[in-house]
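Quick mapping for you: the protein sequence lines, in order, are chains A and B. Under this note's numbering, the residues of the first sequence are numbered 50 to 266, in order. Under this note's numbering, the residues of the second sequence are numbered 302 to 1070, in order.
In short, the hints are calculated from the structure, not lab data. Warning: the hint list may mix true and false statements.
Beta-carbon label-pair distances, calculated as ranges [unchecked claim]: (1) A:L117 - B:E1008: 22 to 30 Å; (2) B:Y791 - A:K182: 42 to 50 Å; (3) A:D162 - B:V794: 42 to 50 Å; (4) B:R747 - A:R106: 52 to 60 Å; (5) A:A248 - B:T311: 26 to 34 Å; (6) B:R316 - A:D261: 35 to 43 Å; (7) B:R1021 - A:R224: 51 to 59 Å.
The calculated lysine to aspartate or glutamate pairs, modelled on DMTMM-like cross-linking and capped at a C-alpha distance of 25 Å, are [unchecked claim]: (8) B:K936 - B:E1009; (9) B:K749 - A:D172; (10) B:K1027 - A:E169; (11) B:K749 - A:E169; (12) B:K749 - A:E206; (13) B:K936 - B:E845.
All of these numbers come straight from a predicted model, not from anything done at the bench. Where a beta carbon is used, it is the ideal one built from N, C-alpha and C, also for glycine.
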Amino acid sequence: MITAENIVKSYHGEQVLKGVSLTVEDGEFVSIMGESGSGKSTLLSILGGFLTPDGGRVLWDGTPLSSLTEARLFALRSTRLGFVFQFFRLVPTLRVRDNMLLPATLGGRVGADTEDYLSELVDRLQLGHLLGKYPTELSGGQCQRVAIVRALVYRPETVILDEPTGALDSGMEGRVMALLRHVNEKEGTTVIQVTHSQAVAAYGRRLIRLSDGEICG
Amino acid sequence: MKLFYKHLFTSIRRRWGQPLILVLTLLLSVLVTAMAFGLSASLKNETALRQSAAYGKADLTVSIGAGSTTRFLLSEDATALLGEECRIAGLYELPLLLGEQTVLGGAADLNAYGAVFPLRFIAYGEITEASLGEVALITHRLAKEQGLSVGDPLSVTVLGRRATYTVAGITDVSFAGSYDVLLDITAVTRAIAAGSPFLSAIGDDFRPAGTLYVDLPEGLAPEEAASRLSASPLFADKSIVTVGSHVATFSAIGTVDRIVTVIILLTAVLGAAVTFCCFSILSSQRSEENAVFMAAGARRLWLDLSQYAEILLYFAVGAPLGLLLARPALSLLVGLAGFVYSPAVLTAGGILSALLIQLGVALLSVTAFLLLRRRRGGGGRHRRLLPLALAAALPLLAVLALCLPPSARFPLGIVSFLFLFLFIFTLTPPLFRTVLRWVTLLLERRGKRRGRPVAPSLYYALKNTEAVALLQNSARLVAVLLSILILTAYLLVSTFGFLGTLRGLFCGEYTVSGGTARCYERIASCESVDRVNRIYLSSVTLGEGRPCHALAADAPEALAEELNVPLLPRGDEVVISGELSRELSLREGDTVALRVGDRTLTLTVAAIARLGTPMLVFDCAHHGIPYNMLLVAGKEGASPAVLRQELAAATSAELAGVLPTEELFALRTEMVEIYVAAAVALLMAATVFSVVGLGDNLWESYRSRREEMALYAASGMAARTVRRMKAAEVAVTLLFALLVALLATVIGAALMQFALSVMHDVLLNFLRY
């Protein structure tokens, strides 16, 4: 369970999040929507422990993220949390396959099981022919799919996705959302996504609306 | 276009790191090249002035040897044969003991000496006819070293006797180009007369000499004078050499030009490598901007031309600064190298050549960069073929070198080295990527077997290094730099080994110069002496102008065992070293011309031995060339101090100088060591900017990947592992560069032989006997 308590965050004197509180239960599929600049991406980064809030706290299963040592925070990212950044953020010096396996390798989870699961995900998202390429050789949509595989391949308990289908065509958008629904239902993975698209948000079971740094519905 | 150049200037202003490195590189390239040309001009000047100092106004020299029937030369005898108009300075070489230090000194009739050798005094005291036998003239160098000034006493041991003289004059340069102390010959004869009733009876009128320097009047040709002297029984067995012949055999000038060529080559290679790497970084920094310009309709040609404009801009800033620094840097170098006659000379031709060479290198580097960048899209095959083509060219060059005569091999050797460095430069990145791929695959497989990752920091460091062009650039830069350093280190070690061989040619603790037959017998009867031999050592010319050293001895045990000469050549026979045999294509039974002074001998190659240096052994006595030294070996267990005392006593009535064998060679190799040090200093200067370039490459490789490093952390990599990964990237890059450099040295083994032969020539030309 992930709990955010009264989160406050400012950039250059401007408050982006104004005391946001929310709870995401294990196995939930939550969609967060809101206008540009409403603080969605900032909230996701704080939930994932990539940003430190100016006020309030985030608890994972009752443990505040701020109390975790650096080593435990790194361990959490490579074992329990899968994160898809808004601009994919692939390591340009690693080939596609290495990028996909990066957190799994760092978490010591590379084995036959992971390899099988990687093949399955690659097949589903039609990335088989790109495994030996570098990210600089891929299109935006391809990079986005690689980032999604990277977040899922080691079966984390929670996946946080920032605009997971922003660069995809409608056909591929459906495949990705079906995959996320599948991991949520079959694997019990908690999914938290930010999106602008009503159709994408509809895949979630709960919708949170964010407006001007506050939850409004 | 205007907009494009405006963008270029803004870009340079904002990202000034690489432009600064390029300006520094061009500054140092021009500086080192101009200094190399300046060194060459200064050395030529110094050599000419040194020769003038060594022979003064003399046209002819007459020297005595150990095999001579007389123990000395008298200038009166030569005057009687050549006429009163001749001015003759007789000089005796005297090793002097100044405390524990041996100093080369000379003794002459000071009045006659001054007539042939112009003296320039820095400080001068009073010398009268009466005080001539009690005064000493010394060089400024010795005065500074010993803290002496005019009027101070100078206590020395001359020919085994302790004597004190008064410093009466300090000159700016050495006497006869070699000696730090000059005594009047009367002072020496008086010292000897104390133990010799014969000399005592003759008195101060006896003015013997070991070498006569003859200044001939106009109208009397040196050859004619030599012929007149040779015809007299008084000079028939003496060595008579025209000064023109001395100067012609001193051919260090060509050697210096070779050194200059090598320095310029190394500077060009390092400068080109740094320029190429800097442009790679600039290109990657500006890739997005350039793509936008291209999308907006900019032509590829504009982009290419802007690169040339950019390098010209850097050159316009760096080159004048380099030239500005060249003069003081050259003065410093010339001072360190011990030039005493010539100041730093920077000619207009040298400056222009330095500018043109470095400008050409800079433009070629940019052209190479542009060609490789253009082919990066579809020309991968060409890039792969380039190192292969270079690899194929190297053995072809080696075969070609074997077909060419030795004199024509130098330019080919230079081209071969250029090819070798180009080969390293082009081969390193693809080879590096391949090796990295194999190692990561290996780590991946081991990781799978174990079920956990093997050394993630190393694994991802390898992956990164495989993909980051800047790290590969660093690898090739280091590979070129290391191969140059390894090569230089090898040459230096070989040089000192070579000098060591030259110092250990003879098997005996002491040498005695000017020792006659009577001196030989006296020494042989000493209790502590095990063996005394007559030996000969001189610089000669073999075949059609190959300088080398010639040795001779009256018994094989006089020569060091390392020379592997069990049987001495007799009659017209000569034993030559393997190097000379290969270079001049000489085999056993072949005949070869040997030029010794003014004489040319025709000898037959009796054997080819592993002498270790370009050297030959011949029977000098058979050709009437006198041995020029005695070699003394003490009995086993004999005290060195006792041996030295006995030798001093045995030679006390002779005009013969005793010198430890090691010191004899050390005194002559001092100049060589100075030149080697100067060459190393120049190389170090060239190395500095490649190290700057390397540091820049490594720093840029991190600066441009900060976001990637953050991604590793975001994916769960611990901060410590990220730090280890960065360190591993540098370690892997440097390790691989070292391996490539070693590989290149192995590949270039044949080239190394060429380099060694050039180096030996350098030494032979500087190391005159």
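Hints, one by one, checked against the model:
1. A:L117 - B:E1008: 22 to 30 Å: The hinted range 22 to 30 Å holds for L117 of chain A and E1008 of chain B, with Cβ atoms some 24 Å apart.
2. B:Y791 - A:K182: 42 to 50 Å: This hint holds: roughly 44 Å between Cβ atoms.
3. A:D162 - B:V794: 42 to 50 Å: Taking Cβ atoms as reference, D162 of chain A and V794 of chain B lie about 58 Å apart, which means the hint is violated.
4. B:R747 - A:R106: 52 to 60 Å: Violated: the Cβ-Cβ distance is about 42 Å, outside 52 to 60 Å.
5. A:A248 - B:T311: 26 to 34 Å: 45 Å, violated
6. B:R316 - A:D261: 35 to 43 Å: Given a distance of about 39 Å, which is inside 35 to 43 Å, the answer is holds.
7. B:R1021 - A:R224: 51 to 59 Å: Given about 39 Å between the Cβ atoms, the range is violated.
8. B:K936 - B:E1009: 76 Å, violated
9. B:K749 - A:D172: With a Cα-Cα distance of about 22 Å, the restraint between K749 of chain B and D172 of chain A holds, given a limit of 25 Å.
10. B:K1027 - A:E169: 33 Å, violated
11. B:K749 - A:E169: 19 Å, holds
12. B:K749 - A:E206: Holds: K749 of chain B and E206 of chain A sit about 23 Å apart, inside 25 Å.
13. B:K936 - B:E845: 43 Å, violated
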